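Assembly of the complex is requested from the two constituent chains, each provided in isolation within its own frame, with the hints serving as guidance.
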Amino acid sequence: MSGATGVPGSLVGASVGRREDGPLVRGKGRFLDDLGVPGCLHVAFLRSPVAHAAIGVPDLTEAAAMPGVVAVYTAADLAPLLPGGDRLAVALPSSAIAFALDRPILASGETVYVGEPVVMIVAESRAAAEDAADAVWLDFDPLPVAADPVTALEEGAAPAHSGLPHNRLAEFGFDYGDCDAAFAAAAHRVTGTFTVDRGGSHSMEGRGVLARTDALTGRLEVWSSTQTPHALKKSLCTLFEREDAAVSVQAPDLGGGFGPKLVTYPEEIAVAAAAVDLGCPVKWVEDRREHFTSTTQEREQHWSMEMALDEDGAILGLRGSMVHDHGAWTARGLNVPYASGMMLPLIYRVPAYDLKIAVAVTNKTPVTPVRGAGQPQATFVMERLMDRAAEACGLDRAEIRLRNLVAPEEMPCAKELKLRSGRPVMLDSGDYPGTQKSAMAATGWHGFAARRAAALAEGRRLGIGMANYIEGTGRGPYETVTVRILRSGRIHVATGAAAMGQGLATALAQIVADHLGRDPALVDFSLGDTAEPYGFGGFNSRQTVVAGASADAAAKVVRTRVLRVAAHLLEVDEDELEIDGGLVRQRNGNRSIDFARLAREAEGLPGYDLPGIETPGLMATERVVIDDMAYSNGCCVAEVEVDAETGLVRIGTLHLSHDCGRMVNPAMVDGQILGGLAHGLGNALYEKMVYDDEAQPLSVTFADYLLVTSAEMPEADILHRETYSPLNALGVKGVGESGVIPVAAAVASAIENALSDLGVRVDFAPVSPQALRARIVAAGQRGQANGQEQGAQS
Amino acid sequence: MTETIAKTEISFTVNGRPRTVTVEPRKTLADTLREDCGLTGTHVGCEHGVCGACTVLVDGKAVRSCLMFGAQADGAEIRTVEGLAEGEALAPLQEAFIRNHALQCGFCTPGFLMLITGALDENPDIRDEELTEILSSNLCRCTGYRNIIRAAIETAETLRRSRGAA
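So the protein lines, in turn, are chains A and B.
In my numbering, each residue carries its 1-based index in the first sequence increased by 4.
In my numbering, each residue carries its 1-based index in the second sequence increased by 17.
Please keep in mind that the hints were generated in silico from the structure rather than gathered at the bench.
Only a predicted model underlies this, so the values are computations on that prediction, with no experimental measurement involved.
Any given hint could turn out to be false.
What the hints assert, rightly or not - Here are the simulated DSBU-like cross-link-like pairs (lysine-lysine), alpha carbons at most 35 Å apart as the crow flies:
#	chain 1	residue 1	chain 2	residue 2
1	A	K32	B	K78
2	B	K24	A	K32
3	A	K560	A	K360
4	A	K360	A	K32
5	A	K441	A	K360
6	A	K422	A	K560
Stated by the list, open to error - On the chain B side, residues computed to face chain A include the following (Cβ under 10 Å):
#	residue
7	I22
8	V38
9	G55
10	T57
11	V67
12	G123
13	L130
14	E150
The beta carbon of each residue, even a glycine, is placed where N, CA and C say it ideally should be.
Same shape as in the complex, but just chain B (with noise of 0.2 Å):
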């Protein structure tokens, strides 16, 4: 018989606010976040790092919170698909996904919103084939994922149009 997992405390941002949870030590950031933090918009499709549906931005850089314990997390800054709408007002990305229907069922959605938000963030002139390219982290079912390069893509247009106008 084994024993009881002694459980770590630990603290992190998550969009922005603090949090402090206590978890096992073997636990998933993905688990973490849905099940210590009620975020249960990071999904988790394969548990075994492939698919992406549970990408989230830990100190700015997409990744696979199945494949992270939530203990290596502490004292991190942590960005989920929760945090992309500001109240009411959608990202542009969340808004370019429902214009050009890159969405079905939506369970992958998180993980890609997530993908293309770190990537327009690390590199916001990242040219078209780089972004389709990085797309093919993620795995999609439904939508044979054209137009969710097309929602990259126009995004990533978008965001430089807004910012050689600012």
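So here's chain A without its partners, still in its complex pose (with noise of 0.2 Å):
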């Protein structure tokens, strides 16, 4: 099914205001800063300045004299704090891992990346605790750095970690069809090396957690600014060794996520152990510059790839290897470099693919999902490769792709790969030349040549560039939801789901008042709410697809009990009711029940029959289990003017073509893209972690490391498909990463065009002015030496 979304008079499908934006204009937002509790303390983290140290014993004697000092903790004052061990094992399983790489609470002996927390202070404000911790004696004794993945997993390298027998954390690959067949038979081969640059994820809110132990019940409650509630309970129940009911966690407003808020981190668990040591509310905020250092980042890689084709253009192979900068600890495991094996050839017909992977651990911050995680390098590389060999073949760069896309009669499509659960890869649905046609028409693709050439008799040079990518979506196995109707009337949906600032509320509640009386303002929240015992949270973007499944269902089966139970208070058939608000009411008639009323009945009474149900109480748990992927997919098209004098890119025109299947509010779906596009323009042009040799990141303020502004932020065209998914009920993919994939390739795409008769080419993002400029002096260089060459033998 496809095309407009559906139902006349639904909520699903409809631009439904949102429900978070009054506290939030009027400043009344409740971000974790903002939680105020009597008699909280304040956390400063004394942290390593260098990437690879060997370190003594902390002497803490200045530090614990400081005014306003209450505690301070090394690792060795925590151990005894967490029953249950002092390392987070957090990594998903693999059996491609070759060693543990379990990140410590706090460092002992040896530091391994600058920002490491080595010691915690508490002190009843923040300035103090910092003016402590510049009074921690402690020698850090400067260990040799693996500070690049590609030379960190040379024989011989120096250790990330001293007792490391080498770097290589994992090798891995994927390899189907044959290869060395496909490249023997190809009539064209093409070749390149990319290399995509660590950035982050800067979320304008950074980290925080506050904790306290109730004095009455014991329990200790944790509010964090984290996208997975429920895994942050899961760790500490288990280092505290305490029962479910003995630890609550709550995720407040987030001032955005962008991937890294879904790792349990560090600091989460020694806030906690101060606030159950010192039995006092405590408090931690991370500030930017531990944003820049100690938040998990990511998007290194090296590739080196090759590609075989027949004459048609038709792609036959795709060989080559990866290197993947793992940074210094497993946060998350190996889900990234997988992620970017796994999808690069998946939107394209591959018969045979032989990917090498190299997962290499380095001095520096942990490496896990940044919004993308890893597809929009895969993207890169692919895109790249595809404008090579249309080259190669001599094709239009469109005509190309249209020839090797996935056709929408192939849907759904099984690819001889897997996910990561050994489950196998099935396309689900999507038209992805249709999509790439569109973008061409609104942007005039076959147009351009005259574009170009007008702009150059002005002296101005303009180069458009495409690429397509799917994205993996709604990542299962399923999210819990709970539907409820209260005493009140109101409706309350509880789930494991985590808002981070994309509308998860307005759109759960379009999806929950859609079956239940269609006003989203009756619905109320526990987002991220791990009273539930069994739930995930936000990444991969998944809620809209798996949260969304299980609200779908919950409000179905609700609906059913309240209209059972409103026939039988009624006496009248259910299918003469309807649902009007909080309202049941009588069709063709002047009966009418509300919703208080109705919880209030289905509760029941002591020594009485359920008024027409056999389940007490007008509430619902779903927990829909969706193992396969729905991938979203899309076109973005790219028109740049490069000034060649300079290498400064200005982006002119930027269109995208997505579908993401059925959109819950379109308003919002724009909204996720339009951010996206943002941040994988930052990526395509200005974000860069720099290091100097030592692994010392010199790009640690928003002076430094570039985010894009309003200036630099072009109008952008989104046009939306719908191709449903039918993997559920509702036909909804996931758009939150969406926007960032495509735009990198396209902009290099469009840059290389734009400087075709130079004959540069474009290997790597982010593309800065330097490094373009480089690039164009050098294929100046080997121009004026070929010119030379030829000059002497002619």
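In structure tokens:
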């Protein structure tokens, strides 16, 4: 099923106003640092100033005596507070991992990246705690550094941890079809090496945690700016050896997530330990410098690839290798390089594939997903190869893509690849060529030559570029949603799904209210709710899909119960009834009853039969299991102007045609895409973590690490297509990461196009003016040398 | 061992209400507003003066409250996001932000609201391009800015029209 979103009067598909906005525009949001608790103490961490060092036992005498200091903790002090262990063992399982690198809560003996926490100071104010951090005496004796992932893998390279035999955390790959035969038979072969750099997530609100033990119940209560309250609760229960009921975790309003807040961090455990130890509330709020060094990052990968094609430009095979920078600890697992390798050939027909991945431990901040999670790199590499293939085959860049894209009639399309669970990859739905064609039409792809010529006459260099992508969304297995009509008549939705600013509450209110009278204002939420025993949270563009499916199912069950109880009490047939707002009424009559009354009646009375239902209450909990992923897709076309004298790139236009299945709220979908495009533009041109040879980060302020501002962000043209996913009843797919994935690839394609006469290759991102200018100069020198050579020969 | 730093008493008005607080001289205006006045709508995003989440109006000028000490605001008139709405009635700019989906997580929003309010107060006839240029002072990671620009321009037009009608 495809086409515009459908049911008349349905809330799903309508750009319903966001329920989150009112408090936020008034300055009444409740972000972590806004939570005030009387008597709250504040934390500062002493962090490693060098990337790899041997450390002794800190001398805390002076720090502990500083004004306002309440307690100072080293790793040794925390150990007795954490009977379940003082390391975060949170890696997703993989047989490819050679050795465990579970993070300690505080470092002891050795530090392995700049920003690693070593000592925790608790004081009456943050300022006092920071003063005391300066008064800790601790020698950092530098050790050899593994700064670069490629050289870190070489024989004899310095190990990132002094105990490690080597830095090769994992070697794995993807291999199907007969690559040797494909390359032997190829009419064309293209090769390329590609580098994508490391960047950060940079939610405007950093991380933060507030913990206390409830004096009456003894329960450990933790508030954290996290995408995954359930994961944090699991770690807390394990490390403190507490049962579920003895720990609660809540996420207040999140000032953005973008991936890294899905990770459970040492600071969250350390602050909770201090709260337990001291018996009073303790809070830590990350500052931006800490965010730059201790919040996880992503994207550095080095690829060397080769593609074989037949004479018509059909891909025959794809092979090569990739080195992935893992950072210093395993904070999530191999999911990012796995996603890169899996996504690379997915959107096209690739009969043979052989990719060898090496994951390198380095003395840098640990790597976990940042919006896009390995997919932007895969798209960059694949799309750059497609451009080279077009050149080799003498085809238009758009044409060669259309010849190779998986066709709509192949859907659902089984690929010879596996998800990390071992399940075969199945593309669920989509019209990839149609999506590309719509982007081409919107951007005037075929009219570009005229625009380019006209600009050239004015001395301006224009280029156009394209990138197709798909995004794996809706990571299973499930998210729990409980829908309950309260005695007040309001609808309460509790779920493990966690909001981080995308408008999750609005989307779920639309889905739930659709079955229960279509008034989203009646719905209240407990999001990221850890009172519910099973849940996951926000990552992998999953929540509209998995939480949406459970919300939809639960609301349907509650609807059935509402109608049964109402029919029983009103003494009419269920099919005579309709639900409107919080009221159930006879369609052709004057009887009605409200949710409040129904909820009370449905609870039952001692000694009386339930009113028309077998199970008490107007409540349902659903965990709809969806193991396969729903694949969103899209095509981005960028037009750029390049100043060859300076290497400066200006974005002219940006078009994105995309398909995320049925849209729950089109305005919010646009919002997700626009934000993603801006992040993608940052990855394309600006955002780069710069390190020196000793892995010392040099870009640790927003003055050095450039985010896109309103001045760089062009008006973007977003085109919607809706191919419903067959994997869930709503037909939805995720969209949170879509915008970011294709931009660097499309922009690189456009830059290369603008400089095609100079023979400049853009095989890296971000494309800074300095780096691009260096390529232009090098190409000029090459050209000159070739010219001289030819001159000498003639 | 360092001495406890002596606190100083300062007075200013915030959103028209007089306040007297006692703070360390090194305390920023942002922290003073948040911790000593209980006005947590002003957010701290970078403490380097780059992101602009902490923007407030001091004597009518948009300033980064993370780059100014509380003590420097002694005697000043300060406006924060909490002062934009009049009771239940949102300011036109706040309404325009909601209408245009110009916020997602909302963390940067108070800074943008104050930045734009300051710009429109200072020059009600500001050109769209100037307004867009001013908006590049602040950072947002969620929205991609276009909807913020739309909300700002729309509000400028609304205010111009209502001024013309008055």
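Violating hint indices (sorted, rising)
3, 4, 8
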